[in-house]
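Enquirer: So you can see what is in the structure, the chains are spelled out below.
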Amino acid sequence: MSNAATTRGGAVRPTRSPLWIVERGILALLTVVVFAGFAIHSPVMATNANIANILVQTSYLAIFAAAQALVIMTRGFDLSLGSAVSTVSILCALTMTTLAAQGAGVSAVLAGLVVALAAGGAIGGLNGFFVAWGGINPFIVTLGSMNILLTLSTTISGGFPVAPLPEAFRALAYAEPAGIPLSVLCAALALVGLQIALSRTVFGRAVLLIGSNARATIMGGMAYRFHLVSAYVVCSALVGLGAFLMTARTGSGEPNLGGNLTLETIAAAVLGGIRLRGGQGDMLAPLLGAVFVTVLSNGMNLAGIDGYLQGVFLGLVIIAALSLDRLRSKASA
Amino acid sequence: MLLQATGISKIYPGVTALDRIDFDLKAGEVHVLFGENGAGKSTMIGILSGLRSPDSGSLAVNDRPVRNLDPQKAREMGIAAVFQEFSLVPSLSVLDNIFLGREITRFGRIDRRAMARRARVVLDELGYDIPLHAMVAGLSRAHMQMVEIAKALIVDACVLILDEPTASLTDSEADQLLAVVHRLRERGVGIIYVSHRLREIRALADRITVLRSGTLVGTITGVDATEERLVEMMTGRKIDALFPEMRHRPKEVGLAVEGLSLADGRLTDIALTVRRGEAVGIAGLVGCGKSEVGRAVFGVERLSAGRVTVGGRAVRPRSPRQMLREGLCYFPSDRNAEGLALERPIVESCSMAALDLPHLGGSGWLRRSAENARVAEAMKRLALRPPAITAPVASLSGGNRQKVMLGRGLLRDLDVYIFDEPTVGIDVGAKVEVYRFIADLVEAGAAVLIISSELPEILALSNRIYVMHEGRIVRELEGKDATEANVLTGFFGREERAHAPAAHAAGAVEVRAWA
Numbered sequence: 001m002s003n004a005a006t007t008r009g010g011a012v013r014p015t016r017s018p019l020w021i022v023e024r025g026i027l028a029l030l031t032v033v034v035f036a037g038f039a040i041h042s043p044v045m046a047t048n049a050n051i052a053n054i055l056v057q058t059s060y061l062a063i064f065a066a067a068q069a070l071v072i073m074t075r076g077f078d079l080s081l082g083s084a085v086s087t088v089s090i091l092c093a094l095t096m097t098t099l100a101a102q103g104a105g106v107s108a109v110l111a112g113l114v115v116a117l118a119a120g121g122a123i124g125g126l127n128g129f130f131v132a133w134g135g136i137n138p139f140i141v142t143l144g145s146m147n148i149l150l151t152l153s154t155t156i157s158g159g160f161p162v163a164p165l166p167e168a169f170r171a172l173a174y175a176e177p178a179g180i181p182l183s184v185l186c187a188a189l190a191l192v193g194l195q196i197a198l199s200r201t202v203f204g205r206a207v208l209l210i211g212s213n214a215r216a217t218i219m220g221g222m223a224y225r226f227h228l229v230s231a232y233v234v235c236s237a238l239v240g241l242g243a244f245l246m247t248a249r250t251g252s253g254e255p256n257l258g259g260n261l262t263l264e265t266i267a268a269a270v271l272g273g274i275r276l277r278g279g280q281g282d283m284l285a286p287l288l289g290a291v292f293v294t295v296l297s298n299g300m301n302l303a304g305i306d307g308y309l310q311g312v313f314l315g316l317v318i319i320a321a322l323s324l325d326r327l328r329s330k331a332s333a
Numbered sequence: 001m002l003l004q005a006t007g008i009s010k011i012y013p014g015v016t017a018l019d020r021i022d023f024d025l026k027a028g029e030v031h032v033l034f035g036e037n038g039a040g041k042s043t044m045i046g047i048l049s050g051l052r053s054p055d056s057g058s059l060a061v062n063d064r065p066v067r068n069l070d071p072q073k074a075r076e077m078g079i080a081a082v083f084q085e086f087s088l089v090p091s092l093s094v095l096d097n098i099f100l101g102r103e104i105t106r107f108g109r110i111d112r113r114a115m116a117r118r119a120r121v122v123l124d125e126l127g128y129d130i131p132l133h134a135m136v137a138g139l140s141r142a143h144m145q146m147v148e149i150a151k152a153l154i155v156d157a158c159v160l161i162l163d164e165p166t167a168s169l170t171d172s173e174a175d176q177l178l179a180v181v182h183r184l185r186e187r188g189v190g191i192i193y194v195s196h197r198l199r200e201i202r203a204l205a206d207r208i209t210v211l212r213s214g215t216l217v218g219t220i221t222g223v224d225a226t227e228e229r230l231v232e233m234m235t236g237r238k239i240d241a242l243f244p245e246m247r248h249r250p251k252e253v254g255l256a257v258e259g260l261s262l263a264d265g266r267l268t269d270i271a272l273t274v275r276r277g278e279a280v281g282i283a284g285l286v287g288c289g290k291s292e293v294g295r296a297v298f299g300v301e302r303l304s305a306g307r308v309t310v311g312g313r314a315v316r317p318r319s320p321r322q323m324l325r326e327g328l329c330y331f332p333s334d335r336n337a338e339g340l341a342l343e344r345p346i347v348e349s350c351s352m353a354a355l356d357l358p359h360l361g362g363s364g365w366l367r368r369s370a371e372n373a374r375v376a377e378a379m380k381r382l383a384l385r386p387p388a389i390t391a392p393v394a395s396l397s398g399g400n401r402q403k404v405m406l407g408r409g410l411l412r413d414l415d416v417y418i419f420d421e422p423t424v425g426i427d428v429g430a431k432v433e434v435y436r437f438i439a440d441l442v443e444a445g446a447a448v449l450i451i452s453s454e455l456p457e458i459l460a461l462s463n464r465i466y467v468m469h470e471g472r473i474v475r476e477l478e479g480k481d482a483t484e485a486n487v488l489t490g491f492f493g494r495e496e497r498a499h500a501p502a503a504h505a506a507g508a509v510e511v512r513a514w515a
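Going down the list, the protein sequences come from chains A and B. To convert, note that position 155 of the first sequence is 155 in full-length UniProt numbering; the numbers rise steadily by one, no gaps. To convert, note that position 148 of the second sequence is 148 in full-length UniProt numbering; the numbers rise steadily by one, no gaps.
Honestly, the hints are just simulated from the structure, not real lab data.
Selected chain B positions facing chain A (Cβ under 10 angstroms, derived; list incomplete): (1) Ser319; (2) Pro320; (3) Gln322; (4) Met323; (5) Leu324; (6) Asn336; (7) Gly339; (8) Leu342; (9) Glu343; (10) Ser351; (11) Leu360; (12) Ser363.
Being a predicted model, the structure only gives us computed values, none of them experimental. We put the CB at the ideal spot given by N, CA and C, even for glycine.
Start from the sequences, fold in the hints, and give me the full structure.
Expert: Set out below in C-alpha cells:
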C-alpha cells in the first residue's frame, strides 16, 4: 500500500539505497522462514483458520506499530503506548457498561468509540505538550505517563475486567464488512491514511523534518510545536482506536490489555526499517514488522512455548532490532 | 620522504572520489592540499590518517611501505590529525579530552597533575588560554577547535594533518595557530594543511597540491602560487573577480531597529536601518553580538526592549514563522545545525520556509509538483551542483548546502534578507555565486543585512557598515570612511582608544586581509 501511495503523482523521494530494499527483503524472507519453521513443527500453523487469525492479530499490532512509528519519526518515543491501551480499554468499557445499563445499545458503542478516541487524543496531547513546549526528552515524558496511566487503569477498574459490554459492541470483533474483518479494514485505512499524510501533507513533511533537524524546522518557519504535538495526538488517538477494537475482541475492559505492546510496537517499527534517530520512514515498515512479530508469537503459542519464555524471545528480538538500528546509523554515517 | 602516497584511488558507489593521486610530504615542510569542496581532500587525508583504506595505490611512511594503515597504526607512527568534525566528548573537561585514551598514569592511577603540566606546556606553546578544567560542552567553537589541536599535539607527531583548522577561529586566534604551524615546521614536523583561505596558503605553503573532482591537477611551490593561478587550478575556469559589481540605490527603509536589547544582556540598545536597494554590513569580532542582532530580529532571541519595523510595519519579533510572514528572512551561520535537514531530500530543506504559502502547502496538502518546480528553479538560479534536488542534503558539499538554504529566499516574497556568515566553510567558486546572489537581491530592491567575520566580504559588499563591540554598535561607517582600518579600530571598542592597544592588534590582523 505504501508503494502505491508514494509513487503516485511523480513524487520526489530520497533515492532509495539498495540497503533499504535488501533490508525489507531480508525481513520478508525471515518472516517466511519463521512461519515455515513453526509450520513444520506444528502443522496447525499453516491452516486457513490460523492464517486468518494471524491476519487479524497483525492488524491490531499494525495499528499500534504505525502509531509508534509516527512518533519515532519525529525522533520521539512513546513508552506509554501499552498502558494507554489499558486505560482507554477501561474508560471506553466503563462508558459502554454505564450507558448499556440505562438501555442504550448502538449509541453506547458510539459513545465508547468517542471516549476511546478522545481519551487517546488527550493522552497524546499531554505527552506532546511536555515534549514540544516543555522541551523534555520524550523518553522521560512517556515513561512518566506510562506509570501514571498504569496506576489510573488499575485504580479505576479496581484491577478487575470491566463487563458486561453491549452485545452490539462485542459483535464488532466478528464484523466483516465486505468480507474483510473490521480490524483489518481499520488497520489498512490507518496505514494508508498515515502514508498519505506522510508523503502528501505539510503535517507529514513536518514530522519527518522535525525528526531530521528540529532546530531547522523552527528556523525555517514551520509550526514546529503544533506539528510535534499533532504527531503525539494522532499517535495516541490511533492507539485509542486500536484499544477500542481490542476491547471488543476480549469482550471486556482489561486493566492490563496493553501488556507487552509498547515493546512489540517498537520492535515492529524498528525491524520494519524505522530509524530510531528519526527523520525517515514510511508505513510499510510497521506493517512488515507487525507481521513478523505476530507470526513469531503465534508460532510460539502453537508450539506450546511457555508465556514467560516468549517474553525472553521478544526481548531478544527487540535487542536484535536495536542492534540493527545501530548498524544502519553507522552504515549511513 | 616522511610520507609518500602513490597512485591512490578510492571509489565509492557511483563516484570516483580519488583517481590515482600521488602525494608526498617532506620533513619540515607545509604541504597544502587545496581544492573545492568535494574535490577529494577529505578522502585523501582520511586515507593518510588511516581512517579510510584506499582501493588501490601504496603508502610509505619514512620510506617504509605501510599496508592496511588504521588510525591506531597511524598514531603509533606519529601521524596526528585534526579534522573539521570535532572528536571531543562534550561532558568531559578540556584536560580529559586532550588526554582521552592516552592518560598519563602513575601507579595505575590517572595522574592529573602530570597531565595538567604537559597540557599547559602545549597550550602555552599554542598561545591558547583555555581553562583546563572547563567542560568542553560550555566552550565556543573556536575554543573547541583549539582543544582539538592541542589534543593532536600532545603526542610528539612527525606528521600533522590540519583540516581547515582556522575555519572557526577569529583572526587573532588564527594568527596564533599559523605561528604554531611555523614553529612546528622548524622543528621538522611535516604538515599537511587543508584550507580554502588563500591568504593562509600564501603565508604558509612550501608546496601546494591542487585536487579537482578526485583528480590531481598539479603540485606547485608556494612561491609560484598566485591567487589567480590557484583559483584557476581549483575551478578549472578563470574567475575574474571574487566580488561582483553591485550598485546600491538606497530607497525607503526596509528594516529599522531602535533601542533593541536582549533579556540576557548580550545586546544593548542596538539601532540600525537598512534601506531597500542597499546592503549593509555588520562587522565585529566573534562574540561581539553581531549574530545576535540577526537572530533577535528574526524572533529567535528574547528581547527585553526595542522597536523593529519591517517594510514600514512595526513588528514584535516572536518567531521565525511570524517574521517570514512579515517579509524578513534570516539565514543562520551554522547551516548544518540550524538550517538543513541533512538526511532529507534537498527540496524539503529548501521549501520548508514557504510551505505555508497557498500555492505550496497552505491548505495542509503539499502541492508537490509546484514545490519541485519552484525549488528546481531556485536551485538553477543558484547553480546547485549537481542539480538533482531529490538527493539528500548530506550528499552535498558545504557550498552547495549553503545554496540550498539560501534558495529559501527565492521561494517567497521577502523585503529583508539577513545573511549570517554567508560564506563560512564554502569554496571560492561557491562564494562567487553567493556574492552574486546577494548583489542580485540588492539590485532587485531588497534590503540586505550582511553579518560577517570575513572583513573583505563586508568591505566589498556593503553600502554602509556597522561595527559592533561587546553587544553594542560602536561605529557606523559610510562611503570613504568605510575602510579596513576604521572597521578594525572599531573592533576593539571606542574610537578614542584606537591608537593604543587597538592599533597594535589591528596591525596583527591587517596583514591577514585578502589581497
